[in-house]
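Same order as they appear, the protein sequences are chains A and B.
Read left to right, the first sequence gives residues 10 to 370 (this note's numbering).
Read left to right, the second sequence gives residues 10 to 370 (this note's numbering).
Don't read these hints as lab results, they were simulated from the structure.
Accuracy of the hints is not assured; some may be wrong.
Copies of one chain are not kept apart here, so a pair can be met inside one copy or by any two copies together.
[As the list claims (entries may be wrong)] Cut-off 30 Å, straight-line C-alpha distance, at most; resulting in silico cross-link-like pairs (DSBU-like, lysine-lysine):
| hint | residue 1 | residue 2 |
| --- | --- | --- |
| 1 | 317 | 329 |
| 2 | 366 | 250 |
| 3 | 353 | 122 |
| 4 | 329 | 361 |
| 5 | 366 | 329 |
| 6 | 95 | 361 |
| 7 | 313 | 369 |
| 8 | 77 | 366 |
| 9 | 329 | 313 |
| 10 | 317 | 125 |
| 11 | 366 | 339 |
| 12 | 313 | 361 |
| 13 | 339 | 329 |
| 14 | 125 | 369 |
| 15 | 125 | 66 |
| 16 | 313 | 274 |
| 17 | 353 | 95 |
| 18 | 304 | 122 |
| 19 | 304 | 353 |
There are 2 protein chains.
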Amino acid sequence: MAKSTNKSALSQHKGISASENVSDSAAERIKNLRKRKQNTTTLLQQLLNGNKTALGKAITLVESNQVKHQQQASEIIEGALASAGKSIRIGITGVPGVGKSTFIETFGSHLLKLGKKVAVLAVDPSSSISKGSILGDKTRMENLVKENHAFIRPSPSGDSLGGVARKTRESIILCEAAGFDVILIETVGVGQSETTVHSMTDFFLLLKLAGAGDELQGIKRGIMEMADAIVINKADGENLKPAKNAKLEFKRALQLYPAKGSTWKPEVLMSSALYNEGIAAVWDLIESFEKNTKKNGYFEQNRKQQSKFWLLQTINEQLKQSFYQNPEIKVALEEQLQEIFDQKTTPFIAAKQLLEKYSKL
Amino acid sequence: MAKSTNKSALSQHKGISASENVSDSAAERIKNLRKRKQNTTTLLQQLLNGNKTALGKAITLVESNQVKHQQQASEIIEGALASAGKSIRIGITGVPGVGKSTFIETFGSHLLKLGKKVAVLAVDPSSSISKGSILGDKTRMENLVKENHAFIRPSPSGDSLGGVARKTRESIILCEAAGFDVILIETVGVGQSETTVHSMTDFFLLLKLAGAGDELQGIKRGIMEMADAIVINKADGENLKPAKNAKLEFKRALQLYPAKGSTWKPEVLMSSALYNEGIAAVWDLIESFEKNTKKNGYFEQNRKQQSKFWLLQTINEQLKQSFYQNPEIKVALEEQLQEIFDQKTTPFIAAKQLLEKYSKL
Numbered sequence: 010m011a012k013s014t015n016k017s018a019l020s021q022h023k024g025i026s027a028s029e030n031v032s033d034s035a036a037e038r039i040k041n042l043r044k045r046k047q048n049t050t051t052l053l054q055q056l057l058n059g060n061k062t063a064l065g066k067a068i069t070l071v072e073s074n075q076v077k078h079q080q081q082a083s084e085i086i087e088g089a090l091a092s093a094g095k096s097i098r099i100g101i102t103g104v105p106g107v108g109k110s111t112f113i114e115t116f117g118s119h120l121l122k123l124g125k126k127v128a129v130l131a132v133d134p135s136s137s138i139s140k141g142s143i144l145g146d147k148t149r150m151e152n153l154v155k156e157n158h159a160f161i162r163p164s165p166s167g168d169s170l171g172g173v174a175r176k177t178r179e180s181i182i183l184c185e186a187a188g189f190d191v192i193l194i195e196t197v198g199v200g201q202s203e204t205t206v207h208s209m210t211d212f213f214l215l216l217k218l219a220g221a222g223d224e225l226q227g228i229k230r231g232i233m234e235m236a237d238a239i240v241i242n243k244a245d246g247e248n249l250k251p252a253k254n255a256k257l258e259f260k261r262a263l264q265l266y267p268a269k270g271s272t273w274k275p276e277v278l279m280s281s282a283l284y285n286e287g288i289a290a291v292w293d294l295i296e297s298f299e300k301n302t303k304k305n306g307y308f309e310q311n312r313k314q315q316s317k318f319w320l321l322q323t324i325n326e327q328l329k330q331s332f333y334q335n336p337e338i339k340v341a342l343e344e345q346l347q348e349i350f351d352q353k354t355t356p357f358i359a360a361k362q363l364l365e366k367y368s369k370l
Numbered sequence: 010m011a012k013s014t015n016k017s018a019l020s021q022h023k024g025i026s027a028s029e030n031v032s033d034s035a036a037e038r039i040k041n042l043r044k045r046k047q048n049t050t051t052l053l054q055q056l057l058n059g060n061k062t063a064l065g066k067a068i069t070l071v072e073s074n075q076v077k078h079q080q081q082a083s084e085i086i087e088g089a090l091a092s093a094g095k096s097i098r099i100g101i102t103g104v105p106g107v108g109k110s111t112f113i114e115t116f117g118s119h120l121l122k123l124g125k126k127v128a129v130l131a132v133d134p135s136s137s138i139s140k141g142s143i144l145g146d147k148t149r150m151e152n153l154v155k156e157n158h159a160f161i162r163p164s165p166s167g168d169s170l171g172g173v174a175r176k177t178r179e180s181i182i183l184c185e186a187a188g189f190d191v192i193l194i195e196t197v198g199v200g201q202s203e204t205t206v207h208s209m210t211d212f213f214l215l216l217k218l219a220g221a222g223d224e225l226q227g228i229k230r231g232i233m234e235m236a237d238a239i240v241i242n243k244a245d246g247e248n249l250k251p252a253k254n255a256k257l258e259f260k261r262a263l264q265l266y267p268a269k270g271s272t273w274k275p276e277v278l279m280s281s282a283l284y285n286e287g288i289a290a291v292w293d294l295i296e297s298f299e300k301n302t303k304k305n306g307y308f309e310q311n312r313k314q315q316s317k318f319w320l321l322q323t324i325n326e327q328l329k330q331s332f333y334q335n336p337e338i339k340v341a342l343e344e345q346l347q348e349i350f351d352q353k354t355t356p357f358i359a360a361k362q363l364l365e366k367y368s369k370l
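Bound-form chain A, shown alone (with noise of 0.2 Å):
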C-alpha cells in the first residue's frame, strides 16, 4: 500500500510537467527527477551492503526537512523496510556526569569483540539548541567511532521532540537495515527524552551515580519506572562501598513498582565503565532479557505497541498542527479566548463553534 502511493506520488510529478507545454525546464524537471531515483536506488543499495557513508547520508536525508529530500528518504526506508527490525535497540539514559560516554564507549567495544556491529544514535531535543550536549562530541567515543563496525550518530537537531523522534526511529530501521545488530539510544536524564526513548527500544537501561543528591529523584521515579535494569556506574574504589549500598537501595524501591508486562523483573547491577568492570554481565543480562521476552512473545508485542503508539502519536500531532496553523483558525481562536475572557461564552461552547468553523473551512 505504501509502496503504491509512492508511485503515485511520482506520477503526479509527471502529471504536473505533461500538463504544461513540455518546456526545457519541464523536461529538466524529470531528468532531474530520474536522476534523483537512480541515486535513491544506488544508495539504498549500498546502504543494504552495509557501507557506513551511505548509511550517513541515507540518515542525513531522513533528517532533513526539505520535501525532496523526505521523498527520497520514504523511498530508502521502504526499501530498506523488509531487511530491519532484527536488532536489539537499547535504550540508555542518566544524568549529565553519570558516565554515559564512557559506559558507551566500553560497552560497545565489549559488544564488537563479541562480533557484534553496533549503532550509537541520540535523542537530546534540547542539541538544535546548544548545538549537541551529547553525542555531538565524537572525540568523546575516539575509540568506538574509530571502529569498522560501529556507527555513532549525533541527535538529530529538530524543532520538536516529536520530530528529533520521529528523525531516531527511522534512522534505526537505516541502521538495521545495514547490519547493525545492537543499537544504542543515548538520552539525557531530563524532561520527556526518556519516555521517548523507552517507546522506541526493547530494553531500557538506567545509569545511576551512588549518593548522587537526589533532589530530583521525584523527577526520576517515572524513569525508574520503566528501566529494565539500573546500572551503577563509578563502582569503583572508594565508590565501591557506597555503590553496594546504592544497589539494595534500588532493589528494594524496584519492588514497589507494580510488574511489568514483560513480566521481567528489573535489576540492579554495578559497573565500572573506566575499568571495563561488570560491562559484560550488564550485556548477559540483556541477552537473558531478550530471550525471555522473545519467548513469552512480549518482545513482539511490545514493538507492535510501539509502531502503534507512533501511528497514533503522529496523527494526533498532525490533526492539531492543521488546525491550529489554520490562518482563519488562528484569528478565530484569538476572537473566541477573547468572548471567553470577557465572559460571553465558555470554552466548550467556543470549541464547537471552531471546530463547525473548521469543517466548512
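Since the structure of chain A is provided, determine the placement of chain B on it from the hints.
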C-alpha cells in the same frame, strides 16, 4: 458571537419547516420550540433569582446527552455567564477513608455561619459504573443537605472523564449565577480526576491521614505538587501526635517542590472534622490565598489559563474523535496497522497516508 450563532441555530429550525409544506406537525414543532424557549427563559430567570430547584433542573439539562437538552443548556449557560465567576472554587481530594464527607459537612456548615452560600459538586468518573461512589449517597452530608443556602449535587455520570469534566465546569457556572459564592468540588484520590479538578478550581486542598500506608505516595507526588494546602484530618485523640509528625514531614516534603506560579507557599494544617477543630483555620487560609492571588493578579490569570486549557482540550479531543470515529478511517487504520506489523510501511508514512485520505473525505 455565541448569541448570534445561537439565533442562527434557531432560524435553521424555522428554515427547515418553511421549506416543507406547512403541515400540522411542522406548525406543532414551531410551537414546541417556542414553548421550550419560553421554558428555558423562565428557568434561567428562576436560577438567577437563586431558586435551587431551577438550578437543579438546569444542571440536569447540562448533564443530558439529548441534543434538545444540550441546546437549552447552552442558552441557559449563555444567559448565566454574566452573573458567574464571582465565587471561589475549591477542589478537595483525598483517598477514600480520609473523611472527605465529614470534612465538607463541617467546613460547609462553618461557611454557612459566615453567611456564605455553598455549593458542593463532585467529579468522579467512576460513578457512572458504581452509580455514585462519592456524593451519591446524600445522607452522608445530612446536615448540609437540609440547609437553604447549601446545594449538593452528585457527580454527573459520563462515559469519560472529559465528559464529566465539561458537565462539572458548566455546573459551576450555573451555581455561581444562582448566587453560590463558595463552590466545593470533591474528587477521589484515584487516577486523573485530581488533575481535572485542579484545572477547574482556584484553590486545591489535599486531605491526608497521619501514618496511612504510603505505598501510594509515589502516585500521590503529582497531587502533592498541585496542593495549595494539605490538611491532615482526623487529628484528634490518639491520632494527634502522629498528625503533628506528619505535618512536619509534609512541610519538609513541600519545600522540595519548585515555587508555584501563584507565588503561594502551600501550608500544612491539621483538622478534626468530627470535632469541628481546625476548620476555621482552613477557611482563613483560603481567604488569605484569595486575597494574595487577587492582589498579584494570579487569580484572574489562572482562570484565564484554565479557560484556555479547556478550550484547547475540547478541540483536541473533538479533532481526534472525528478522525478515529470516521468509518472509512477505521478500516484504513486497521489496514495500515497490518502493513506496519508486516514491515511494509512505517508509522510515519502510514500516518501521512491516513491523513491524506482523511482530508479528501
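Hints versus structure:
no.	hint	verdict
1	317 - 329	both (18 Å within a copy, 15 Å between copies)
2	366 - 250	neither (66 Å within a copy, 61 Å between copies)
3	353 - 122	neither (70 Å within a copy, 33 Å between copies)
4	329 - 361	both (15 Å within a copy, 14 Å between copies)
5	366 - 329	both (15 Å within a copy, 16 Å between copies)
6	95 - 361	between (47 Å within a copy, 25 Å between copies)
7	313 - 369	between (36 Å within a copy, 28 Å between copies)
8	77 - 366	between (33 Å within a copy, 21 Å between copies)
9	329 - 313	both (24 Å within a copy, 21 Å between copies)
10	317 - 125	within (29 Å within a copy, 52 Å between copies)
11	366 - 339	both (12 Å within a copy, 24 Å between copies)
12	313 - 361	between (35 Å within a copy, 19 Å between copies)
13	339 - 329	both (12 Å within a copy, 19 Å between copies)
14	125 - 369	neither (56 Å within a copy, 47 Å between copies)
15	125 - 66	within (22 Å within a copy, 70 Å between copies)
16	313 - 274	within (21 Å within a copy, 46 Å between copies)
17	353 - 95	between (58 Å within a copy, 15 Å between copies)
18	304 - 122	within (26 Å within a copy, 67 Å between copies)
19	304 - 353	between (60 Å within a copy, 24 Å between copies)
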